[in-house]
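Engineer: Start from the sequences and build out the full structure, keeping to the hints where you can.
For reference, the chains in residue letters:
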Amino acid sequence: MSADQATPREEPEDLVHQRAELVEEEARLQHEAPSEGASRAARALADVAAEPGVPKPDPILVVEDLTRSFGGVKAVQVDHVEVQRGTITAVIGPNGAGKSTFFNLVTGFDRPDSGRWRFDGADITGRPAYRIAGSGMVRTFQLTKALMRLTTLENVMLGATGQRGERLLTAPLRFLWRGQEDQVRQRADALLERFRLTHMRDEFAGTMSGGQRKLLEMARALMVRPSLVMLDEPMAGVNPALTQSLLGHIQGLRDEGTTVVLVEHDMDVIMAISDWIVVMAEGRVIAEGRPDDIRRNKAVIDAYLGTRRELKEDDGEH
Amino acid sequence: MDLLAILSNSVRGAFGPEAAIYALAAIGLNIHFGYTGLLNFGQVGFMLVGAYGTAVPVVAWGWPLWAGVLVGVLCAVLLALLLGFPTLRLRGDYLAIATIAAAEVLRYLYRSSWAEPLTGGVFGLKQFAGGFYAFNPYSGPLDLGWLTFSPRALWVMTVGWGAAFLAAGLVALLIHSPWGRVLRSVREDEQAARSLGKNVFAYKMQSLVLGGVMGALAGALIGINSQALNPDSFMPIITFYLWTIMILGGASRVLAPIVGSVVFWFLLTFLDSALRQAIGTGLVPASVLVASDIGAVRFAAVGLGLMLLMMFRPAGLMGDQKELRLDVR
Amino acid sequence: MLARLVGLLAALTIALSWGAVAVAAPGAGPVTGAGDTAPVTTASMLPLQQTEAPDDAEETQQPEEPAELLRGTLRGPDRQPLSGLTITVTRDGEEVGSTVTDDQGQWEVGLPGPGTYAVGYDPAELPEGVVPREEGGEQLQGVVVRPGAAQGVIFQLAGDGEGEGVPGGGSGAGAAGPTLLSKVAQLLVEGIKFGAIIAITSVGLSLVFGTTRLINFAHGEFVTIGAVVAFFASTGGPLPLVLGAVVAIAFAAALAGGLELSVWRPMRRRSTGLIQMFIVAIGLSLVLRHLVLVVFGSRRRQYDEFTLQPAWDLGLVRITPRDLVITVLAFLVMVLVAVMLQRTRTGKAMRAVNDNQDLARASGIDVERVVMVVWLVGGGLAGLGGVLYGLTQAIYPEMGFTLLLLMFAGVILGGIGSAYGAMIGSLAIGVISQLSTLWFPASLQFMWALLAMILVLLFRPQGILGRRERIG
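Residue numbers (this note's numbering), protein chains in the order written: chain A, 1 to 318; chain B, 319 to 647; chain C, 648 to 1119.
If you are wondering where the hints come from, they were derived from the structure by calculation, not from laboratory data. We treat Cβ as the ideally placed atom computed from N, Cα and C, and that holds for glycine. Watch out, some of these pointers could steer you wrong.
[Unchecked claim] One-sided and incomplete, this derived list gives chain C residues near chain B with beta-carbon spacing under 7 Å: (1) Ile801; (2) Ile926; (3) His937; (4) Leu938; (5) Met1094; (6) Leu1097; (7) Leu1098; (8) Met1100; (9) Ile1101; (10) Leu1104.
Structural biologist: Listed below in structure tokens is the structure:
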């Protein structure tokens, strides 16, 4: 019903703008070799063995025995997986490996057939999606969900939690929430600035290009002040210039201490920014490890070689 | 053709009690559809329970009228909860069918022999609003020469339009609050709102209750205005009237239901009066149309209006065409 | 935009021009001209009409309704209410008002003042097997109404051939006293007949949804128009009803196809939102229904063929040859539709478009053509359903809308978009609504069907054959 019909298109000015940004970003990445966050993550994961289901020293998310089948086909069958706090963890795998379903299950957007999972020490199994988001695990969507007829600013402001004016009884009494609203607006403006969306502040989000919507969605998710951000294919449908900028933002998040889990198809991107990689195939976790471990992993090579053609097609789809 | 008479009738229609009542019910519908995106096609059900909630306690138990209105509002809250729990999780178009069916179920129930001891069944209830007219502050009619309103009509209009503007004011306050922002985000994309920690179901339910209560108040006013109630007055077509009014004004605009209702009733009464005169003076020969067909022609005209509006100007009179084009649903 | 308007007007002209012809056609048999619309029914559909009355500039404190009235309840010898009978009130030979009994058999006519009136109904409208208990009992003379009185009027009816009739009172106290089993069996037969009629009308609704995602709110109007065209062609015209039905099917199919060309296809081309199209469909249904009301009048009428038939006693159940033929015919049509969907090229293409429109288009199926065929078939079936429903019940402008809600119930029960689901669900709805009369008032029978639908939505929101949608 709501297929993302608006085709992503970039304005020429945007491209020029982004081109400059890209050059800047690349320069920064090359000169400042591994960032503080990256080294911190590397140290934390240094002693972790590269094998499926391995325990981590300080896991923020722990998933056990998670299964979900669609009409007899096991889409997800994860025995055990942990996500280390403060890292960028990538979930990769051939098309149909169950990555998106895994995301949906963990974030409460789909119900599993079985399984338990803990977030930040609390068992959140079966909690509704909005409560999981409220507790600090926020996701984005593969097909961006910009709130078309809200302005860019409103989109971002919506993300703030604990707003007094969001209750029906206090909503008409402006004096009760005006102060808080001003603070929320300041934070939102700061995020728009950070994602270079300030020029779109008062436009309807529906007028944005596909890439801008990706940025908006990320800014909106950050407004929740999440401790874990789950990004479902953040680069899909984004032009290469903007991809670099998005990568910078993702690394920036990690450097600030936010944990990032992302699903992505582009291997170059994954290898460049991930601290840890989880490989899924046919619903199972078949390998885990640092980028270098994964490059050498035979199971991964088999899984990908077997489905290389499929992978290509899938890339073309987005 | 007496143009002045037609015009004065039309103006009376545009500002009369019915226009006020329909505006109030359409404001409720605007909360549902315009701001939350709920396809409520059972608004007439809320009007039905509001009207009977008001009349039954007065007729059956001798309660004062104000207590009846309170009962009517409570009935609407109850209906919203009963209707919302099973249906608010449904996809939009299922909700439309479920709500229209629910309103029909209620009508069948209220007119059944089971309910007859309370609702009077198919014979309905009469003369229960004396308590309302006892407070009528108007002693004489409003006479503009070409247009008169009786004191009785003036009193209903005062309360009706007063309620409509109060409701519109409340909606304005709510919609420009963070609560309204969440509501509109639910309209745009439920999943996105959910992913940002918003309890979408609760907001939809609040919207359903709030708009339903406005429908119930409109229903109470229908009963008060005509001093007579019959379940068969609450046909699905009333809901379609309200949709036409809302879309004519421009969905998701605060004052649109009021503007829409005034214009709608002006046009409808104009058509009615003009046809009546045309038939009366023989301008339209009896072989084509007779006076008893006018009702049907009116309905057909409403339908045609609704079609053309939706096809060629879906944003209505006040809406922003540019904004509407962003709607991808 | 201009072209669109012209196209729309063309489609409406079909309906209108047919209307003009129908008005010109002389009424035959018990039918009177389209003019004598029963005022009570019209007024009851528009609650505010009464208070609005543009003619009286000065509204009065008095209640608007006439204080004096005549009323009563018409029940058959089995105590079942009789609906759809026209009650006419006259004074000194002049008609002062008329109404139609509702589905509880109740009626009410407002009077101009106290006095002596004559009240009557048309015995030809009685269902088969029911007659006035006394000869001439269909007209009551000298009914005295005192000022302010609501005078009750009782018409006594008896089963055909019962002569003395049955004493009022105990429900179902027929001569033999039917057992519960035979009552259930009888209602089951009635339910299957009714359900089969809903089924053939709802196939189109479901197929249109499956191929275009449009919830065609105007689908019920194809039913009404089918029934009405057959009426004007046969009872009001030269043809036998069987041929009239053929004309009706062709007309309903042509109307559906015309609307697809003039309204729906252009809207799809502009990729109009589904909600927008749904609301357009509602507007269209209002237009069509009330055009029928103008042309046909609000009275319930009957075809003049196959009306009075002695029922065959098959032991457990009784059924008239007409009802048997209707049921068998409806099932035959269902089988034909199934064969078409399974075996023919077009049918397979329909299922393909239903499953995945883009894939179907990519594999070379002409989707627009398939959609057109769906409209033609769906419209034609709805027209046929209208004729059958008109035969078993009555023909009236609201029939399509009443049936539409039951079609929705059937379609949702079976799983929206699936033709077979629609058939099975509709049969269930027919049986539910009939069996409910075993324990509950007959006037509530449709209520149970609608409640059943809401319950299905509660426990299986995606419909029985539906799938959960993927998120994200």
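Engineer: Now look at each hint and say whether the structure bears it out.
Structural biologist: Hint-by-hint comparison with the structure:
no., hint, in the structure
1, Ile801, "violated, 16 Å"
2, Ile926, "holds, 5 Å"
3, His937, "holds, 4 Å"
4, Leu938, "holds, 6 Å"
5, Met1094, "holds, 4 Å"
6, Leu1097, "holds, 4 Å"
7, Leu1098, "holds, 6 Å"
8, Met1100, "holds, 6 Å"
9, Ile1101, "holds, 6 Å"
10, Leu1104, "holds, 5 Å"
Violated hints amount to a single one, hint 1; each of the other numbered hints is respected by the structure.
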